[in-house]
Amino acid sequence: MNTIVTVLYYLLTAYVAVLLVADFLKNRKWQDEVLYVIVLIPFVLRLLRLK
Amino acid sequence: MKRKIAIAALGTALAVFAGLSFYRSRHLREPVVPGPSVSRVAHLGDYFEPLKGSINDVNVYVLEGKEPGGTILLLGGTHPEEPAGRLAAWIFAENAEMAKGRIFVILTANRSASTVTRLGGAYPRDFTIPTVWGGQKFRMGDRWSNPLDQWPDPEVYLHYPTRQELAYVDIRNLNRAFPGRPNGTLTEKTCYAITELIRREKVDIAIDFHEAELQYPVISTIVAHQKGADLAAAASMFISSMEGFAIGVENSPKALRGLSHREIGDATDAISLLLEAPEPFLDATRGRTNRELLLDGKDEFVVRAGKRGLLFEKIDEKGWPIDIRVGRHTSTVLQILEIWSGDNPDKAVVLSGVPRYGDVVQNGTGAYLKDPKTVDPAKLVFE
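In order, the protein sequence lines correspond to chains H and R. Sequential numbering from 350 applies to the first sequence in the numbering used here. Sequential numbering from 6 applies to the second sequence in the numbering used here.
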């Protein structure tokens with residue numbers, strides 16, 4: 350069960366990371382672009398199992 | 006587009022910087038120079054096969070005397086964020102010269118917990134103990150196993166086998182998971198392996214090194230299972246009159262489950278004791294949480310809390326330096342062993358080479374850490 354939850358967690362993390370990247374690419378305001386990049390960092394670190 | 010590339014590059018740089026910090030925190034190798042009486046370095050997995058190869062298949066330093074005697078287990082790093090415990094165990098592993106009996110020393114009982122720091126706690130990722138040869142760097146660690154190794158936490162943690170309900174996060178707390186469960190979590194399996202070690206090696210006394218915040222009532226004390234109450238009381242009296250510091254005795258509560266002083270004593274033939282030293286770094290009212298506070302134990306806000314009567318241990322501007330905390334642990338163990346050996350000559354554990362409280366305070370902890378550059382690299386062990 351724990352393995353299933355963990356896999357789902359990482360899939361969700363990857364999904365949110367993809368959404369953040371897509372929003373970063375779509376956005377036109379530099380303030381929002383910076384915000385998306387900063388929010389993306391912990392998701393990337395999670396996916397890489399660094400944090 | 007150029008702007009997006011620049012912002013993405015900035016984000017990548019930040020991610021690399023943060024990622025490297027976390028990677029180093031998890032993978033910092035701490036060299037150990039096995040002392041003159043270390044006959045072999047076993048692993049916890051030797052006592053419980055399923056732990057083999059896991060992050061908690063930790064080193065067990067086996068120190069053997071020329072003559073047979075009793076057997077002692079020293080547990081450092083049950084809570085790695087309480088560094089005096091690891092350092093005291095380190096001093097035994099690198100310095101003890103055994104005459105009688107055996108000592109099993111574990112420096113990092115929960116290695117997983119030593120590879121992460123408190124989430125949101127702004128802990129330093131490591132600290133350095135100064136030595137004449139330059140200093141030795143240690144991982145800071147946390148109280149709980151790394152979520153990368155054991156996840157997710159349940160809504161409710163039911164301790165095995167008593168089914169007592171404990172805080173959910175304590176399912177990753179080594180000192181809430183004894184005596185352990187063979188088919189449980191990583192933390193429970195680690196406890197099970199330690200319990201198996203105690204059974205198979207016929208350990209007479211298991212001593213678990215800890216530190217506590219000054220706002221915690223169980224501090225500067227020996228917490229003793231009822232089997233070790235007399236031994237702890239005698240040690241407390243001798244220490245308080247001879248060693249230059251005071252230490253109390255607490256009975257291990259029978260209704261509070263999962264702790265080493267309760268479960269090891271109940272589940273095995275060993276006497277189980279837990280030592281607590283004061284660590285202001287852990288106090289909730291502390292100021293900046295940095296390496297200086299960890300090692301000097303000086304904090305004006307904790308002092309202020311003391312002046313308002315909120316603490317269970319005294320503190321002043323001198324703080325609680327790491328050498329005092331480490332020295333308390335080494336002297337307490339030495340006193341316990343001397344009393345035990347006097348009362349049980351057939352199971353005596355006699356050793357030399359380990360500094361007492363006064364020595365550690367005067368010379369510093371670093372004086373008893375061995376320079377890894379002076380030994381054959383093949384003989385080095387890494388934590």
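Treat the hints with care, as some may be off.
Once the Cα atoms are required to be at most 30 Å apart in a straight line, the calculated DSSO-like pairs of lysine-lysine come out as [claimed, not checked]:
| no. | chain 1 | residue 1 | chain 2 | residue 2 |
| --- | --- | --- | --- | --- |
| 1 | R | K259 | R | K71 |
| 2 | R | K378 | H | K375 |
| 3 | R | K378 | R | K71 |
| 4 | H | K375 | R | K105 |
| 5 | R | K7 | H | K378 |
| 6 | R | K352 | R | K105 |
| 7 | H | K378 | R | K9 |
| 8 | R | K384 | R | K105 |
| 9 | R | K57 | R | K323 |
| 10 | R | K303 | R | K319 |
| 11 | R | K303 | R | K323 |
| 12 | R | K57 | R | K142 |
Hints were generated in silico from the structure; no laboratory data involved.
Right, here's what the structure says about each hint:
1. R:K259 x R:K71: Answer violated: R:K259 to R:K71 is near 38 Å, above 30 Å.
2. R:K378 x H:K375: Violated. R:K378 to H:K375 sits at ~55 Å, over the 30 Å cutoff.
3. R:K378 x R:K71: Cα-Cα ~28 Å, so holds.
4. H:K375 x R:K105: violated (73 Å)
5. R:K7 x H:K378: Satisfied, since the Cα-Cα distance of roughly 13 Å is no more than 30 Å.
6. R:K352 x R:K105: holds (9 Å)
7. H:K378 x R:K9: holds (10 Å)
8. R:K384 x R:K105: holds (24 Å)
9. R:K57 x R:K323: Not OK: R:K57 and R:K323 at ~44 Å, beyond 30 Å, violated.
10. R:K303 x R:K319: holds (12 Å)
11. R:K303 x R:K323: Holds, because 6 Å separates the two Cα atoms, which is no more than 30 Å.
12. R:K57 x R:K142: holds (26 Å)
Of the hints listed earlier, those the structure fails to meet are numbers 1, 2, 4, 9, in rising order.
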